[in-house]
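Novice: Chains as they are written, first to last, in this note's numbering: chain F, 1 to 359; chain B, 1 to 359; chain P, 1 to 359; chain R, 1 to 359.
Since the hints were made in silico from the structure, they are not lab data. Incorrect hints may have been included.
Each pair may be met inside one copy or between any two copies, as identical chains are not told apart.
[Stated by the list, open to error] Listed below are the simulated SDA-like cross-link pairs for lysine to any residue, each with C-alpha atoms no more than 20 angstroms apart in a straight line:
#1 Lys74 - Gly316
#2 Lys160 - Asp252
#3 Lys162 - Glu63
#4 Lys276 - Ser322
#5 Lys200 - Asn171
#6 Lys324 - Ser259
#7 Lys200 - Gln51
#8 Lys200 - Gln99
#9 Lys359 - Ser322
#10 Lys359 - Gly115
#11 Lys162 - Ala179
#12 Lys160 - Ser259
#13 Lys355 - Ile33
#14 Lys272 - Ser318
#15 Lys74 - Gly115
#16 Lys324 - Pro166
#17 Lys160 - Arg199
#18 Lys272 - Asp196
#19 Lys359 - Pro217
#20 Lys324 - Tyr257
#21 Lys355 - Pro217
#22 Lys355 - Ser42
#23 Lys324 - Gly50
#24 Lys74 - Ala98
Note that the structure is predicted; figures quoted are calculated from it, not measured.
4 protein chains.
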Amino acid sequence: MSSTYGKLFKISTFGESHGVGVGVIIDGCPSGIDFDSSFIQSELDRRKPGQSRITTQRREADEFEVLSGIFEGKTTGTPISLIVRNGDQRSKDYSHIAQQFRPSHADYTYTAKYGNRDYRGGGRSSARETIARVAAGAIAKLVLKQFGVEIQSYVSQVGKLKLTTPYQQLNIAEAEENAVRCPDQAMAQQMFDLIDETRKKGDSIGGVVNCVITGTPVGLGEPVFDKLHAELGKAMLSINAVKGFEYGSGFDGVEMYGSEHNDEMYVDENGKVRTKTNYSGGIQGGISNGEDIYFRVAFKPVATIMQDQESVDAEGNSVIVSGKGRHDPCVVPRAVPIVEAMAALVLVDFYLRNKAYSK
Amino acid sequence: MSSTYGKLFKISTFGESHGVGVGVIIDGCPSGIDFDSSFIQSELDRRKPGQSRITTQRREADEFEVLSGIFEGKTTGTPISLIVRNGDQRSKDYSHIAQQFRPSHADYTYTAKYGNRDYRGGGRSSARETIARVAAGAIAKLVLKQFGVEIQSYVSQVGKLKLTTPYQQLNIAEAEENAVRCPDQAMAQQMFDLIDETRKKGDSIGGVVNCVITGTPVGLGEPVFDKLHAELGKAMLSINAVKGFEYGSGFDGVEMYGSEHNDEMYVDENGKVRTKTNYSGGIQGGISNGEDIYFRVAFKPVATIMQDQESVDAEGNSVIVSGKGRHDPCVVPRAVPIVEAMAALVLVDFYLRNKAYSK
Amino acid sequence: MSSTYGKLFKISTFGESHGVGVGVIIDGCPSGIDFDSSFIQSELDRRKPGQSRITTQRREADEFEVLSGIFEGKTTGTPISLIVRNGDQRSKDYSHIAQQFRPSHADYTYTAKYGNRDYRGGGRSSARETIARVAAGAIAKLVLKQFGVEIQSYVSQVGKLKLTTPYQQLNIAEAEENAVRCPDQAMAQQMFDLIDETRKKGDSIGGVVNCVITGTPVGLGEPVFDKLHAELGKAMLSINAVKGFEYGSGFDGVEMYGSEHNDEMYVDENGKVRTKTNYSGGIQGGISNGEDIYFRVAFKPVATIMQDQESVDAEGNSVIVSGKGRHDPCVVPRAVPIVEAMAALVLVDFYLRNKAYSK
Amino acid sequence: MSSTYGKLFKISTFGESHGVGVGVIIDGCPSGIDFDSSFIQSELDRRKPGQSRITTQRREADEFEVLSGIFEGKTTGTPISLIVRNGDQRSKDYSHIAQQFRPSHADYTYTAKYGNRDYRGGGRSSARETIARVAAGAIAKLVLKQFGVEIQSYVSQVGKLKLTTPYQQLNIAEAEENAVRCPDQAMAQQMFDLIDETRKKGDSIGGVVNCVITGTPVGLGEPVFDKLHAELGKAMLSINAVKGFEYGSGFDGVEMYGSEHNDEMYVDENGKVRTKTNYSGGIQGGISNGEDIYFRVAFKPVATIMQDQESVDAEGNSVIVSGKGRHDPCVVPRAVPIVEAMAALVLVDFYLRNKAYSK
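Can you build the whole structure from these sequences, using the hints too?
Specialist: Listed below in structure tokens is the structure:
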């Protein structure tokens, strides 16, 4: 198990779906940051279940408690610890899978690796683990805010429904106006209907989250291994249900010629070095170049469905796994703040590393 | 700069394109491994320039020298250090870009971040840096070999030319029979022609490398942050020119329903837990499940082209950058062993971590 | 702030003296370990205040709560999180030092480094932070116990009172029979009287804790930087009030000739390689050799005394700091379980690292 | 094996006594530092063998070669790699110990841990490994120099000969004027005679190195685990033959009362917060307070002596080990630059960490 992330802004997360709660320690937050509790809570609220009928009906207030690190409304440089206690646990819902391995879940691999597992609601492999990421990411955002960095995400695809409008032509903030978190309201409605229909069939469906980061200084990222996009990629791929990551031109860029793909450079009216195009996605040689950073994250259809499936149990018998419990038919609406949180954690860490080596 | 990778099988790489050479220290290789020099050299040979007319004409023998860690033909548990000296350096080729920023190269970002840079051939940002990865990866492969793990990669796309045959229907080993490293010989010829034509135009083009890992034990990967695919993703994205990573069903899986995508389970005739399909790409919950691991890596068209491009210089003047030097019109043929090397480094690290926590 | 310790058995601690509580996450505890709550509580009880009239009269039950990582009485391989809530807080006791820097405390350095500080009871620099170490160390002991490793500590010096009897001639377990934790009962009484007398004068006094580890396998320790004694030294020196560390012959060994100091070797009746003497302290070349490991840890007289002292305040004015609050006149009796806990953390980490690289 | 040290100024060392050479990669040196080759060489010269008749007669020029990271006389922020090639190797001198375990050497523990070992001259456990530390430390000193930090060490004890003069009354620079590196010339002569006499008897003897650091800014050190003195302690204890570490009042401070030991504070004429005494050794709560940092490091008599000793061989037979080879009868004269190098590495790392979290 490796529940620690970050080099200078280091987080350690803990907790299971049906245990006491889920929480995080941040070791390495700079001191003197205003601890804006209501902002942190609002980020958790964006992630919490029960926001609409297309998200899980598990009822959780997901209110956080500060355990350490804050004094008189400010960070002190000491470890910040937060916990969100679990509320609406129905562990009995899971007794039927204590000995069964649900297809495409982590049941089998956890059991094989660790010998035992907290099977209630997926235990540590539950998406509830991401609460800790969102809480820590919210604090990372507070650190970044003072430098004008803004991170925005939205849903760009659900199943075969794709929003192909370039992000520059969208008002991303409007994504928060609908339950799907797609900034195109018409497309959002189509996506909502598709998810709702999928839910009624007891099925699930995949989606894509796009993320755009503006206001980034030049110089974030540490080649050759900790390239900015490599660390962003790892951070995104570590989120439950993620299957792919691409930045800038991504997989489509493969089909281009260098003469098309290269971002020619110029100096703008403010004397700032800019690129005419941005196929690089704001990152060159693993280091931010000051242009917008943008990337896409692919989420699979979640494994929990309300249909019978063939599987095996811990004794190696064939079994039929029946879907129970309360789950999301499509994770991307709630994944939006998680993607942002992980991006914030990556950026703040590189921001601190950059300061370390600065003149 | 972060040129260190791995937690238990830790590598530190060094070196620039036109300096003394490129090398690596491996700190954490188990002792008693037979040090098969000819295998390591053969891996370096797969990566070296000048293999055909579609790769750079820089002439380098790329022979490695062992500096430490090997005694009487075996690893001793102490740091293994290797160096490959640079031979065919034509640093003068680069004097014209000492003050210019080549579009979509790391020239500008390195200069902005570090204040100065070794501009000769890209310095540290040169793809020559990957020599150290291939050398270290070869040693990782030697460790893995004893456990039956096999890593194979091949080119599946160049520009718009895509090999869509599922890997199961390919003889991947045959990829080594042509200069492109595509296992379908007819497609390989088309790709070769496209690359060669691109080269003649002084342009470059992108491509995709597929990787398949067989024989992996159940249990590799450390959730929640160091999931197997998250670490593979970071490792691949840290390779020069990579723009995207997907594993298993990847971005296509987004369009599926859970009822299609879930990999139902059964027990095979040997009593082994298996899945009927493998959309999971051999990884569930971030942990290998014993099925084949497969993933795809997108490479952009390399930035160096033999055409004039608009750019700026260090003083902020507009300049025309003219292509010079010797470069690959398409990196994927030579990227194949690099992808494998990084995969080997990821796997061996998790293999050691797994042993640490085993009963 | 760096509140993370360990490479494979990694702990992150949090909490302040007068905040919600003090706790720890252990990320990397092997799965399947019996979680012996009463043992963990008994270790915390050895550390807790109010054990006798020579320890601080702060009243704390110091009972721990498990927040994650345990299922059905066993570790699951997921992060174990524990918290001990603060009870008997009298924060008002500290309002007088909000703006004053107490001599030889961390008040000034924390303020200078972080800009602000939680001044109540020393905040993060309070010895209350060691609760997290003892809790984590208790779990480390549970892991080590299955391999026959035993760690014992005792007080060997208070002020000028020294117990010079070699540890081999002591029954170390008897140290727990008196409030000082010195295994020689007569010396313990003298030490008790000295501490009590010091307490009555409103003063404090230093001491030494000796630690002996038996049953260690050959091979723990990772040269060249993570030598076993180097890591033990760091672990001990990280405990509040520690000023020195020596192992084996230590500073006295300086005066010896090599011909006296070298530990000649033989094979015992069980075929085990042994040394005739053990000036090496069970460690050669940074690696355990199977002999007893022993070391000594020097603790200064604690800084809090009930006497007036000259100092300065945050505005740079001269002030008289008056001693208030409830503190230990001598820390070594309560430091005994802390030393053991840190030793356990070091050993378990090396134990896991050794397994990682084993055949 | 863990040959990596440091978090931000990270070094990885490699090499054996009788292999190709000994070297280091520094990953994380800030860019733009003037690379003063002659200073680095002069530091290596202070460590090199054959300086007088009381050091080993192995003849080594110990000249370093730069392999990467330097361009036009400056660091570039990329990994700096240096190597010192081995010259005067007489590997045959060691064939007699290929199967024998020398008492109080690492022969047995390396063999037990790793299964095999490069027995020539101790291989990786040779003090020749410290070349890499001195080279890296010299570069760390170059970084620190610009901030006015000065690190000075000297020999304060050889056998029973102790220099008890407080460092404030010494001109430490004069230590370099004699072969022993003791700043009191009369004492130096006595120590020289003792070492020479010991050498003639084919024996060895221990010693103590004192280190004083001036000009340190307030705020270096990262509690709770990476306290400045804890990291200094680990760094010193990782040097071959070190048995103990104490800082400030050290073990002697144990005997003091808090009312004596506490360093009362005042504001000096420049408005700087100071302490009247400095029993704290310049460190409070694990953080530098701006006063001089001083500590002492105990070295055992080295294990290699020119006398017969009882031991065992790899098959478990009793053997007589006869001393051969060329070794130092007392390591402290040559340990002086090594102590300084490790101190520099610790300080520069904390200096960078401090910048990371600064406003």
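Novice: Hints first: check each against the structure and report whether it holds.
Specialist: Cross-check of the supplied hints:
In this homomeric assembly, Lys74 and Gly316 never come within 20 angstroms of each other (Cα to Cα): the closest approach is 54 angstroms inside a single copy and 23 angstroms across copies. Proximity of Lys160 to Asp252 under the C-alpha cut-off of 20 angstroms is found in both arrangements, the shortest distances being 17 angstroms within a copy and 9 angstroms between copies. Proximity of Lys162 to Glu63 under the C-alpha cut-off of 20 angstroms is found in neither arrangement, the shortest distances being 34 angstroms within a copy and 50 angstroms between copies. In the homo-oligomer, the alpha carbons of Lys276 and Ser322 lie at most 20 angstroms apart only across protomers (18 angstroms), although the nearest pairing inside one protomer, at 54 angstroms, exceeds that limit.
Taking the shortest alpha-carbon separations for Lys200 and Asn171, neither the intra-copy value of 31 angstroms nor the inter-copy value of 43 angstroms comes in at or below 20 angstroms. For the identical chains of this complex, Lys324 and Ser259 are inter-copy neighbours only, at 14 angstroms across copies versus 54 angstroms inside a copy, given an alpha-carbon limit of 20 angstroms. Only within a single protomer do Lys200 and Gln51 lie at most 20 angstroms apart by alpha-carbon distance; the minimum there is 17 angstroms, versus 57 angstroms between protomers. For a Cα distance limit of 20 angstroms, the shortest separation of Lys200 from Gln99 qualifies neither inside one copy, at 28 angstroms, nor across copies, at 62 angstroms.
In this assembly of identical chains, the alpha carbons of Lys359 and Ser322 never lie at most 20 angstroms apart, being 61 angstroms within a copy and 33 angstroms across copies at closest. In this assembly of identical chains, the alpha carbons of Lys359 and Gly115 lie at most 20 angstroms apart only when taken from different copies (10 angstroms versus 50 angstroms within one copy). With identical chains, the CA atoms of Lys162 and Ala179 are at most 20 angstroms apart within one copy only, with a shortest distance of 16 angstroms there and 37 angstroms across copies. For the identical chains of this complex, Lys160 and Ser259 are inter-copy neighbours only, at 16 angstroms across copies versus 32 angstroms inside a copy, given an alpha-carbon limit of 20 angstroms.
In the homo-oligomer, the alpha carbons of Lys355 and Ile33 lie at most 20 angstroms apart both inside one protomer (16 angstroms) and across protomers (16 angstroms), since each shortest distance falls under that limit. Taking CA atoms no more than 20 angstroms apart as the test, Lys272 paired with Ser318 passes between copies only; the shortest distance there is 12 angstroms, against 64 angstroms inside one copy. With identical chains, the CA atoms of Lys74 and Gly115 are at most 20 angstroms apart between copies only, with a shortest distance of 11 angstroms across copies and 43 angstroms within one. Neither within a single protomer nor between protomers do Lys324 and Pro166 lie at most 20 angstroms apart by alpha-carbon distance, with minima of 39 angstroms and 34 angstroms respectively.
When the C-alpha separation of Lys160 and Arg199 is checked against a cutoff of 20 angstroms, the pair qualifies only within one copy, where the shortest distance is 16 angstroms, while the shortest distance between copies is 37 angstroms. When the C-alpha separation of Lys272 and Asp196 is checked against a cutoff of 20 angstroms, the pair qualifies neither within a copy, at 47 angstroms, nor between copies, at 38 angstroms. Taking the closest pair of Cα atoms, Lys359 and Pro217 come within 20 angstroms of each other both inside a single copy (16 angstroms) and across two copies (16 angstroms). For the identical chains of this complex, Lys324 and Tyr257 are inter-copy neighbours only, at 17 angstroms across copies versus 50 angstroms inside a copy, given an alpha-carbon limit of 20 angstroms.
Taking identical chains as interchangeable, the C-alpha atoms of Lys355 and Pro217 lie at most 20 angstroms apart whether they share a chain (12 angstroms) or sit on different chains (18 angstroms). Within a single copy, Lys355 and Ser42 get their C-alpha atoms no closer than 29 angstroms, and across copies no closer than 32 angstroms, so neither meets the 20 angstroms cut-off. Taking the shortest Cα distances, Lys324 and Gly50 sit within 20 angstroms of each other inside one copy (17 angstroms), while across copies they are farther apart (52 angstroms). Taking the closest pair of Cα atoms, Lys74 and Ala98 come within 20 angstroms of each other only across two copies (16 angstroms); inside a single copy the shortest separation is 44 angstroms, beyond that limit.
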